[in-house]
Amino acid sequence: MKRIDLFLSERELNRVCKAITAAGAKGYSVMRHVTGMGPSGEISEGMDFSGLGANAHVIVFVEDAVLAAVGKALKPLLKRYGGVGFVSSAEPL
Amino acid sequence: MKRIDLFLSERELNRVCKAITAAGAKGYSVMRHVTGMGPSGEISEGMDFSGLGANAHVIVFVEDAVLAAVGKALKPLLKRYGGVGFVSSAEPL
Amino acid sequence: MKRIDLFLSERELNRVCKAITAAGAKGYSVMRHVTGMGPSGEISEGMDFSGLGANAHVIVFVEDAVLAAVGKALKPLLKRYGGVGFVSSAEPL
Amino acid sequence: MESSLVLQNLLSAPVLFFFLGILGVLVGSDLEIPSPLPKLFSLYLLLAIGFKGGMELAHSGLGPQVLLTIGAAVVMSLLVPLTSFLLLRLRLDGYNAAAIAASYGSISAVTFITAESFLNVLEVNFDGFMVAALALMESPAIVVGVILAKLSAPAEDRESAGDQENRGDQENGGGGLRWREVLQEAFLNGSVYLLIGSLVIGYVVAAFSPAGLEKMDPFTEKLFYGALCFFLLDMGIVAAQRLRDLRQTGAFLIGFSLLAPPVHALVGLLVSALLGLSQGNTLLFMVLCASASYIAVPAAMRMTVPQANPSLYISTALGLTFPFNVVIGIPLYMALTRHFIPVG
Amino acid sequence: MESSLVLQNLLSAPVLFFFLGILGVLVGSDLEIPSPLPKLFSLYLLLAIGFKGGMELAHSGLGPQVLLTIGAAVVMSLLVPLTSFLLLRLRLDGYNAAAIAASYGSISAVTFITAESFLNVLEVNFDGFMVAALALMESPAIVVGVILAKLSAPAEDRESAGDQENRGDQENGGGGLRWREVLQEAFLNGSVYLLIGSLVIGYVVAAFSPAGLEKMDPFTEKLFYGALCFFLLDMGIVAAQRLRDLRQTGAFLIGFSLLAPPVHALVGLLVSALLGLSQGNTLLFMVLCASASYIAVPAAMRMTVPQANPSLYISTALGLTFPFNVVIGIPLYMALTRHFIPVG
Amino acid sequence: MESSLVLQNLLSAPVLFFFLGILGVLVGSDLEIPSPLPKLFSLYLLLAIGFKGGMELAHSGLGPQVLLTIGAAVVMSLLVPLTSFLLLRLRLDGYNAAAIAASYGSISAVTFITAESFLNVLEVNFDGFMVAALALMESPAIVVGVILAKLSAPAEDRESAGDQENRGDQENGGGGLRWREVLQEAFLNGSVYLLIGSLVIGYVVAAFSPAGLEKMDPFTEKLFYGALCFFLLDMGIVAAQRLRDLRQTGAFLIGFSLLAPPVHALVGLLVSALLGLSQGNTLLFMVLCASASYIAVPAAMRMTVPQANPSLYISTALGLTFPFNVVIGIPLYMALTRHFIPVG
Ligand SMILES: Nc1ncnc2c1ncn2[C@@H]1O[C@H](COP(=O)(O)O)[C@@H](O)[C@H]1O
Ligand SMILES: Nc1ncnc2c1ncn2[C@@H]1O[C@H](COP(=O)(O)O)[C@@H](O)[C@H]1O
Ligand SMILES: Nc1ncnc2c1ncn2[C@@H]1O[C@H](COP(=O)(O)O)[C@@H](O)[C@H]1O
Ligand code: NA
Ligand code: NA
Ligand code: NA
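Chains as they are written, first to last, in this note's numbering: chain D, 331 to 423; chain Z, 331 to 423; chain Y, 331 to 423; chain A, 862 to 1205; chain B, 862 to 1205; chain L, 862 to 1205.
Chain D with its partners taken away, still in its complex shape (with noise of 0.2 Å):
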C-alpha cells in the first residue's frame, strides 16, 4: 500500500479531490489551514483571508496498483496550479 502526502492551495483543492477519486481512490483525508514554504514561496496565516487562502494538506492512502493512476492525474494538476507531492508505504493497522 502507498501513502500520498499532497500540499497544495485549498483553491485547487476541489479539483485535486475529485482527480483524486476519479483515479479510483477509495478515500483521502484534508487538513486545511496550512501554511508553509515551498518553490513558490511563503504562504502565511495572515493570508487566510485574502484571496490567495492557505495551503491544504491531502493524505490519501491507496493500493500500489492505484498510485499510478493517481500520480497521472495529479501531476500536470501540481504542475499548472503548484503544490508538492510525495509517496511512502504504508499498509493497513
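Check each hint, because a few of them may be wrong.
Stated by the list, open to error - Derived BS3-like pairs (lysine-lysine); straight-line CA-CA distance at most 30 Å:
(1) D:Lys356 / D:Lys409
(2) B:Lys900 / A:Lys1083
(3) D:Lys402 / D:Lys356
(4) Z:Lys356 / Y:Lys402
(5) Y:Lys409 / Y:Lys356
(6) Z:Lys348 / L:Lys900
(7) A:Lys1083 / D:Lys348
(8) D:Lys409 / Y:Lys356
(9) D:Lys348 / D:Lys402
(10) L:Lys900 / Y:Lys348
(11) D:Lys409 / D:Lys348
(12) Y:Lys348 / Y:Lys405
(13) Y:Lys356 / D:Lys402
(14) D:Lys348 / B:Lys900
(15) Y:Lys405 / Y:Lys356
(16) A:Lys900 / B:Lys1083
(17) Z:Lys405 / Z:Lys348
(18) L:Lys900 / L:Lys1083
Derived by calculation from the structure, the hints in this document are not laboratory data.
Start from chain D and add chains Z, Y, A, B and L with the ligands according to the hints.
Here is chains Z, Y, A, B and L with the ligands on its own, set in the frame of chain D:
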C-alpha cells in the same frame, strides 16, 4: 519504530486516545477539523457544526513492540464506529 | 528522500522554521492547533487561548543529504523547549 | 392571507440569507463560512435563546398552563419517534428507522428561532416558557430512539453489543443497552447542556440579580437577529450541500421528510387547541413538533447507534425538513393557527 | 486644512488600530489574529456594507444619477486595468502585468469602508448607491485581466491551455479562454457573491419588510465601527508582513503601487466632477478608483492565470497600496474633493 | 453583609456561566468552545478593556494620585514574585519556583474584568486608570521571574544557556540572560502589547477625536458583558480540565495557590489604604495583587525558562487561583474593602 495514522470521527476521539495510552504508547498527536472521504461516505467542513462533527487525524509513533497492542485496542473501535488506520516505518530524528 | 515529522509547541515555531530553512531544506509545511500527549504531558485544545498555546506539526521533505543538517539544527531546539521528531522514507510523486 | 404570510416570510432578512446560501451552492460560488465559525454562531444562538427563555420563564412563573404545555411537548417528543419508527420500518432496517425517528421526535432550535423572529415581525406575542419546552424535547426523543434501535437489533448484536470495551461503562442486562452512555448523550450533549444551562442561568439572573438583565441585553437580544441571518446563510450553504446526498436516500425518505413536518404540525395544532394556547405559542408548539434535529440527535446516534447511516438522518433533517419548515412550513402553520386558534 | 484632515484620519480609531498591527510586526510582537477569525470579520464587513448599501439604495431609488454613477464606476473598472497593463508591460511579462492590472482595476472594500467612517466623522453625507458601484467594479476588472493575460500569452500556451483537464469545462476557441471558469471566478467569487447578495437582500428588506431593518441595525450598523477597528488591526499585521516581500518586487512595482492610487483618484475626481457628484460621493468614487483588490482578484487570478506570481500582486495591493490609501490617500483625496467639488 | 456580597457575586451572569463550564466538565458533557474561538474572546476583551481604560485615563488625566497608584502597582508586581519565590523555593527547584512566582506577580485580566462587572452591579465607582495599572503589572513580574530563574540556575546551565543558537540574539555576560529575548517576551507579548496598545489608542481617541468614542461604544462597551459571560463559560471548562492535573502538583502548591491570593489581596488593601484609594479602586487593586497570570507569563516563561514545568504554573493559576478569585475572592475582598476603606 512504527508510525500509525488514524482517521476517525472527532466524536470518538476521547475513546481512541484513551485506548492508545492504555495500550502503552508514550505519546500521540491529534489534528481536528479534518474532512475527507472513506468507505462510509464524505465528511465535509460544512458538517462541522452539526452533531456529526468532522474527522480527526491521530498520529502515534510507537516502538515496534507496542504496535500490536495498539492495533488490538483500536481495531474494534474503528470497526464499530468507522474510521481507518495505517502503519508505516519511521525512526527518531 | 526523507520525510521529517516534528511536533512542538507553536511558540517555538518561528525558530524551528528558520532553522529548517537555514539547514538547507527547500520547503516545509505547518499545521497548527495540534493537541496531543508526549513526554512532558498533555496539550489540550482548551489551552489554546492560554499563553502556552497548542502544538504545531511540521512536515519537511528533504533530500537524504540534507537530513543530517536539519537534524543537527533541530535536535538542540527540541531538547531545550520540548517536542519530538521522527524520520521516514519517501519519494517524490 | 396565507400567501401574504408566505411572502412576509420569504422577504424577511433571515430567510433571504438562507436562500443566498442555497443559491451560492447551486450556482457554484465558492462562498463558505469556514469552521469553526458556524459553531460560534450556533453556540451563541443556543446561549441567547436559553438565557432569554429563562428570563421570561422567571417573569411568567411556573403555573399550571406552563407545566401542562411543557408536559405536552415532552409527550410529543416521546410519541413522534414511535409513530415515525413504525412508518419508517416499512422500508428501512431497525437502526436507520430508529435514528431517523429520534431526529423527528427531537427539535431544531434554529427553526424555532426563525419562527420566533417571524412572530416578532407579525407582532404576535408568545411566551418564554416555550423555550423550556424546546429544551426538554431533545433528550426523550434520543432515549426512545436508542431503545427502539436496541429492541429491533438482531439477537446476536444485542448480546455482543459492548463486548469489545471495558465493562465498567455498561449494564448489559436487557439487550446491551448502555444506559449511562445513552443518558449522557441524551442529557449532557453539548447543545442540550448549553441550552438548558443558559435557561437556568437566565431564570436565576432574572429572579435574583435583575440588574444583570439589562447588561446582557445588547448581547443576547440586540445582536440576535443579525447573528441569526449570518447563521442562516451558513445553514443555506450546508443544506444545499446535503441536497446532493439525497440521491442515495431514495423517494421514500424524501417523501417522509416533506410530509412528516406538516403532519406533526397538525397534531401539534390539535394539542395546542386542547391546551388553549395563544396563537404565538401554538405556532411555536407546531414548529417544535414539525422540526427535526440535526445537532443533538446525530451526535447521540453516532455514539449509541453507530450501525445507522448518518447521511440518511442528517440529509433528511438538514437538507429537506429544515428548508421546508423555514421557507414554507412556518407561514403555513401560522395560517392554520390563525384559522383555528382564536386571538388571545 | 489638508494637514488637519490627515491628522483627523491618523487619530481615528480604525487607523490607529491599523498602525498598532503594523507596529506589532515591526517591533517583533507575537500578536496575531489566528485564522479563521480574520475571515469572520471580512465576511461580516461585506455582509454589513452590502446590506446597508442595499437598504439605502432602496430609499434613494434607481434614478438617472444613480445609474450614471454606477455606469461610470464600471467603465473605470474596465479602463484602469487596460492603462495599468500597458504601463506594467514595460517591465513585467504579460501574466504578471495582467494580474496586477486586474487588481488595480478592482476595489478594496475595507478601504471603502474606512473612507465611509472618515466621512461619518467629518459629518459629510454620501449615498448608499456607492456600495452598488463598489460591488459592480470587481467582476469587470477580473474579466479584463484574464483576457489581457490570454492575449499576451505565448502562442503555444494558448493552444494547450486546458489540455490536461476534462474538456467539458471549457470552450477552446479563441486562445483557450475558459469562459465558464472565468465568469464563475469573476461573478461568483465568495466575496463578490456575498457583497452583491447582501446588497440585494438589503434592498428587498427595505422595500418589502422594513420592520426587519431596525432589527438588523445593532448587527450591521452599531457593531460596524468596532469590528472595522478589529479587522484593521489584523490588516496592519498582514500588510506589515507583506512589506518583507517587497524586496523581490523591485523598485518599478513599488513606484507603481504608490503612484497608481493618486493618479487613478485624480481621474476619479474628474469623472465625479463631470457627473456632478456630491463631496461625499466624490471621495468614495476616488477611493474606488484608487484602491486595489487583494481578495476577489487574487482568488480569481490564482485559478485563471496561475502563471502569474501571487506574491507580486498581493504584496503590492496589500503591503503598499492599501496602507497608502488608508493612511495618506483618504485625507488627501478629501482635501482635493473639498478644493474642487462645491459643497452640495 | 459579606454573605450577601458572596451571593450577589454567585448569582451574577458571568459567574453562573463560569459555573456552567465547570459543571459541564464534572458531569461529563462534551460541550466545548473550539479553538480559536476562545482566542477571539480574549483578544476582544483585552482590546475593549484597554480602549475603555485609555478613554477614561484621558478624562481623569495623569495626576499625582494616578501616577502614585500605578507606581504602587508596579512595585507590587516586583515584590510579589520575590516573596513568592522565597516561599516556593522551600519545596520547588529554582526554575519552577521562579515561573510560578512570576505568574503570581503578574495579573489576570479576566479576573479584573469580572471585578469591574461586580462593581458595576453594586453601583460602586472606580477609575479607568486602574487599567493602566493592570497593563503595567505584567512585564515587571516577567522580568523578575526570569532573573530569579537565572540566578538560581546551576552554574553549568548558566554558562551554556544559549550556546546552541546564534549568538547575535544574546548577551552572554552574567549567567546567560538573553536580555533582548526576555524584554521582548515581557513587553511585546501579544496580550501585553494589545492591552497597552488599546489603552494608548483609547487615550488618543478620547483626547483628539472624541467623535469616535460614541461609535466604538456598541462594540467595546455594550457587548462587553455578554462576551465576558461567553468567555467565562470557556474559562470554566478549561479551569475544570486543569483541576485534573492537580494530582501531580501536590498539597504544597495547592495550598499556595489558595492562600497566596488573599494574602496578596491584604497587602493590596494596606497599600490602597495608605494611598487613599476609593472603595472601587481598592477592590481592583486587591484583585490585581491577588490574581495570577495564565496568558502572558506562561507564554514568556515557556520561551525563557523552558526548564520549568508548564503544567505546574498553568494549573495553579488557572485551575485554582482563578476560580478562587472569581467565586470567593472578589466578594471577600469587597467585604474587607467596605470594612476598612471609608466611602469616597
Ligand atoms: N519540501 C517540502 N516539504 C514539505 N512541504 C513542502 C515542501 N515543499 C513545498 N511544500 C508545501 O507545499 C506548498 C506549495 O508549494 P509550492 O509549490 O511552493 O506552491 C508549500 O507552501 C508548502 O506548504
Ligand atoms: N484511503 C484513505 N486515505 C486517506 N484517508 C482515508 C482513507 N479512507 C478513509 N479515510 C479517512 O477516514 C475517514 C473515516 O472513514 P470512514 O471509514 O468512511 O468513516 C474518512 O472520512 C477519511 O477522512
Ligand atoms: N510518540 C508520539 N507520537 C506522536 N506524537 C507525539 C509523540 N510524542 C510526543 N508527541 C507530540 O509531541 C508533542 C510535544 O511533546 P513533548 O516532548 O511532551 O513536549 C506532544 O504534545 C505530542 O503532540
Ligand atoms: Na420534532
Ligand atoms: Na481600483
Ligand atoms: Na498578582
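Hint-by-hint comparison with the structure:
1. D:Lys356 / D:Lys409: At roughly 24 Å apart (the allowed maximum being 30 Å), lysine 409 of chain D and lysine 356 of chain D satisfy the hint.
2. B:Lys900 / A:Lys1083: Satisfied, since the Cα-Cα distance of roughly 23 Å is no more than 30 Å.
3. D:Lys402 / D:Lys356: 16 Å, holds
4. Z:Lys356 / Y:Lys402: Judged against 30 Å, a Cα distance of about 24 Å means the pair holds.
5. Y:Lys409 / Y:Lys356: 24 Å, holds
6. Z:Lys348 / L:Lys900: 27 Å, holds
7. A:Lys1083 / D:Lys348: Answer violated: lysine 1083 of chain A to lysine 348 of chain D is near 43 Å, above 30 Å.
8. D:Lys409 / Y:Lys356: With Cα atoms ~17 Å apart, lysine 409 of chain D and lysine 356 of chain Y stay inside 30 Å; holds.
9. D:Lys348 / D:Lys402: 13 Å, holds
10. L:Lys900 / Y:Lys348: Cα-Cα ~26 Å, so holds.
11. D:Lys409 / D:Lys348: Holds, at about 17 Å.
12. Y:Lys348 / Y:Lys405: 14 Å, holds
13. Y:Lys356 / D:Lys402: 24 Å, holds
14. D:Lys348 / B:Lys900: Holds. Lysine 348 of chain D to lysine 900 of chain B sits at ~26 Å (cutoff 30 Å).
15. Y:Lys405 / Y:Lys356: Holds, at roughly 19 Å.
16. A:Lys900 / B:Lys1083: OK: lysine 900 of chain A and lysine 1083 of chain B at ~23 Å, within 30 Å.
17. Z:Lys405 / Z:Lys348: 14 Å, holds
18. L:Lys900 / L:Lys1083: 20 Å, holds
The structure shown violates just one earlier hint, number 7.
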